[in-house]
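**Student:** All chains should be built: construct the whole structure from the sequences, respecting the hints.
Okay, here's what each chain looks like letter by letter:
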Amino acid sequence: MKYVDEFRNAEIARAVAAEIAALTDPHRHYKIMEVCGGHTHTIYRHGIKDLLPDQIELVHGPGCPVCVLPMGRVDEGIEIAERPEVIFTCFGDMMRVPGSKGNLLEVKAQGADIRMVYSPLDALRIARDNPDREVVFYAIGFETTAPSTALTLQRAKKEGIENISVFCNHVTIVPPVRALLDSPDLRLDAFIGPGHVSTVIGCRPYEFMPKDYGKPCVVAGFEPLDLLQSILMLMRQLDEGRCEVENQYGRVVLWEGNLQALKSMAEVFELRPYFEWRGLGFIAQSALKISPAYAAFDAELRYSTPGVRVADPKACQCGEVLKGVLKPHECRVFGTACTPDHPLGALMVSSEGACAAYYNFGRKSFQKVGARE
Amino acid sequence: MCLGIPGRIVEILDEDLMLAKAEVGGVRRNINIGLVHYADERVEAGDWVLIHVGFAMSKLNEAEAHSTLQALEEIGEAYEQELEELRTSQIE
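Those sequence lines, one after another, are chains A and B. Using the numbering used here, the first residue of the first sequence is number 1, and each one after it goes up by one. Using the numbering used here, the first residue of the second sequence is number 1001, and each one after it goes up by one.
Calculated from the structure, these hints are not laboratory results. Note that the Cβ used here is the ideal one computed from N, Cα and C, for glycine as well. You may find that some hints are simply not true.
As the list claims (entries may be wrong) - Looking from chain A toward chain B, a few residues come up when the C-beta cut is under 10 Å (computed):
{"id": "1", "residue": "L23"}
{"id": "2", "residue": "T24"}
{"id": "3", "residue": "C36"}
{"id": "4", "residue": "V117"}
{"id": "5", "residue": "N130"}
{"id": "6", "residue": "G141"}
{"id": "7", "residue": "T145"}
{"id": "8", "residue": "S148"}
{"id": "9", "residue": "R155"}
{"id": "10", "residue": "V174"}
{"id": "11", "residue": "G195"}
{"id": "12", "residue": "V200"}
{"id": "13", "residue": "E223"}
{"id": "14", "residue": "R251"}
{"id": "15", "residue": "K263"}
{"id": "16", "residue": "S350"}
**Tutor:** Right, here's the structure in full:
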């Protein structure tokens, strides 16, 4: 329990950890998936694993939007960015994500006009300020950031700004979780549901986990104590034979979500019939595209992106890590050919990627585990 | 991009454009309040909100805002990067 003193509420953390231990059946192995990359980061940063009995294994989920983007989409973004008429705008997280022929940072160094923005509304301002250029916003993220893209396009339409388009890579959280539950590779006992995504979609979309698959789900906040408490709530459900969706983050997440955000998303986006996920393959209705009403703002139409599939480098095992089949350190290039300074795969790029979190914070535990093997 | 940062509304600037000035991580920047200021939902100066990529996503009470900020500071680098990007923002 070496990390527990770092908790702001060390007393409570100790009590929660003790109650988790008391509920743990020593003859059972529990696999709990934290869906969200932000949770993965907190788990490593605060050594949550070391506060849990050995029987409880935390499995990292697909909830890092940078990490799940297939290389073909990265390449297509780069191709748009290379067009001379384009000002390409994106979040900082995307700059170092490797495509098959380099990343955005390298393309920028070669002269492409690529600008990091904090918000899609900054991209809109750039479009307003540069009426003779074409501004493209590289939209990425789960339901946490999708509403911001939707509201930005609603405003562009209202203002009649025509020189902006969106390369839409928004994905939705429920279909990949369902795909994982359908996968024979992985047996999971329970889920820690994402916090900020749930401020938008609410808790109801997770009801299929208990109803269709018999797996409990607790929507959790981002502080270390939130995660511990969520694990305790899951362990109580498993112990009592209950199976339901519970909301540990009720101080921020409303059960029904943010209705205004959902309304804007429904107007600006529609579901793609299918979308490719790194490691998980094609998943039906798992991503958003620009709706016909906003087709004029769709960069895929404006630049006729071909939709080419590009395989990951052979050595890279991001796919297996994303599915939770491999732990980051079990990848054959982890920490050797693939490091945060020279990432081969996206999971090493994003601070919310499981590999980067493992590399930066988890190495002590990883060495401990390694020694035991 | 995935980090939500608590900020405090300083002033409602434009209810048509849903713009407000907020103090976030020691700087004042414009944000959109369209997702917390609709129908019966209202924010006003002094309220805390959770901000993602320039949009207030939900209201927070003050204690929650402070404990979230503290947790973010403990995260370190990713939070610093988010703040750095925020400082470049000029939403109109």
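**Student:** With reference to the structure, classify each hint as holding or not holding.
**Tutor:** Tested hints:
Because the smallest distance between the Cβ of L23 of chain A and any Cβ of chain B comes to about 26 Å, over 10 Å, the interface hint for this residue is violated. A least Cβ separation of about 26 Å between T24 of chain A and chain B goes past the 10 Å threshold, and the interface hint is therefore violated. Given hint, C36 of chain A at the interface with chain B, holds; its Cβ is 8 Å from that chain's nearest Cβ, closer than 10 Å. Interface restraint check: V117 of chain A against chain B, minimum CB-CB distance 8 Å, threshold 10 Å, status holds.
At its closest, the beta carbon of N130 of chain A sits 14 Å from a beta carbon of chain B; the interface hint therefore is violated under the 10 Å criterion. Checking G141 of chain A against chain B by beta carbon gives a least distance of about 6 Å; that is within 10 Å, so the hint holds. The beta carbon of T145 of chain A comes within 6 Å of a beta carbon in chain B, closer than 10 Å, and the hint placing it at the interface holds. With 10 Å as the threshold, the beta carbon of S148 of chain A comes within range of chain B, its nearest partner Cβ sitting at about 4 Å, so the hint holds.
Annotation: R155 of chain A was flagged as interfacial toward chain B, and the flag holds, the nearest CB pair being 7 Å apart, inside 10 Å. At a threshold of 10 Å, the smallest CB-CB gap from V174 of chain A to chain B is about 17 Å, leaving the interface hint violated. Interface restraint check for G195 of chain A: the shortest CB-CB distance to chain B comes to about 8 Å, inside 10 Å, so the restraint holds. Taken as an interface hint, V200 of chain A checks out: its beta carbon lies about 7 Å from the nearest beta carbon of chain B, inside 10 Å.
Interface hint at E223 of chain A: satisfied, since its Cβ lies 4 Å from the closest Cβ of chain B, which is below the 10 Å cut-off. Interface restraint check: R251 of chain A against chain B, minimum CB-CB distance 5 Å, threshold 10 Å, status holds. Interface restraint check: K263 of chain A against chain B, minimum CB-CB distance 9 Å, threshold 10 Å, status holds. Against a cut-off of 10 Å between C-beta atoms, the interface hint on S350 of chain A holds, since the closest Cβ of chain B lies about 8 Å away.
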